[in-house]
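J.: So you can see what is in the structure, the chains are spelled out below.
2 protein chains.
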Amino acid sequence: MVVAGIDPGITHLGLGVVAVEGKGALKARLLHGEVVKTSPQEPAKERVGRIHARVLEVLHRFRPEAVAVEEQFFYRQNELAYKVGWALGAVLVAAFEAGVPVYAYGPMQVKQALETCLFNFTLNLTQSFLEKVRI
Amino acid sequence: MVVAGIDPGITHLGLGVVAVEGKGALKARLLHGEVVKTSPQEPAKERVGRIHARVLEVLHRFRPEAVAVEEQFFYRQNELAYKVGWALGAVLVAAFEAGVPVYAYGPMQVKQALETCLFNFTLNLTQSFLEKVRI
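Protein chains in written order, with the numbering used here: chain A, 5 to 139; chain B, 5 to 139.
Heads up, some of the hints might be wrong.
Claimed, not checked - Here are the in silico distance ranges between beta carbons for each label pair:
hint, chain 1, residue 1, chain 2, residue 2, range
1, B, Gly18, A, Pro47, 21 to 27 Å
2, A, Phe66, B, Arg65, 33 to 39 Å
3, B, Met5, A, Arg67, 39 to 45 Å
What the hints assert, rightly or not - Under the rule of at most 20 Å between Cα atoms (straight-line distance), these lysine to aspartate or glutamate pairs were calculated in the DMTMM-like manner:
hint, chain 1, residue 1, chain 2, residue 2
4, B, Lys31, B, Glu61
5, B, Lys41, B, Asp11
6, B, Lys41, A, Glu101
7, A, Lys41, A, Asp11
8, A, Lys41, A, Glu61
9, A, Lys41, B, Glu69
What the hints contain is simulated information worked out from the structure, not anything from laboratory work.
Yeah, the Cβ is synthetic: ideal placement off N, Cα and C, and Gly gets one too.
Next up, chain A with everything else stripped away, as it sits in the complex (with noise of 0.2 Å):
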């Protein structure tokens, strides 16, 4: 099982596929990892229409069968909430329409996976839990 993982930002937006392998002993392999860069100094249209880009992009050569979104709902500040909204704005309209379907995961559920291996949080893609954060 093939899942895309995105931590998503404006400035900077981690976009990692994933290979899921096994039945019992899950092992992720990483197939692809980079980071969308975008700079304050470009139009907004600029700097979301290039995220957009590049995560269609990615899900049309990867054909994930999940998009898994690190979500967080307590900012330090609404302009940040609204900024990194607009980045998963455009997760959304590529997931859209590469036909994707786009789970959220808690900062603290991707964080302690993080402590184990960079994209194990995408381990637990599970039927049940994937009900659960669907968005």
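Place chain B on chain A using the hints.
T.: Below, chain B alone, put in the same frame as chain A:
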């Protein structure tokens, strides 16, 4: 000059297109007006994907010279700011794809103008002002 005005929201997104005519005493003529509605019952990617598709369709149909969006930085809740951000992300992707510049207006500017005419706020689109608020 044709201008699209957008009041971004994830549940209700206001989408209008006006033709601004005249030089001294400007007049705005409404070419198109609609509210794009989505439901919290829909998956997020469908909501945002549908907003993107609809905005892109209207931009292609009316080919406005600019998109004016109401921008609000102070939301009561982070979550609301975040979700309005999704909608604006979809609008920004559409504007990027259609090659239309996006300009942000504070809600007070919009509301004051609304007292005179529903879409008159677009009359303020002078070049110097546009430069200042370009996002």
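J.: When the hints from earlier in the document are held up against this structure, which numbers fail?
T.: Violated hints: 4 and 9; rest satisfied.
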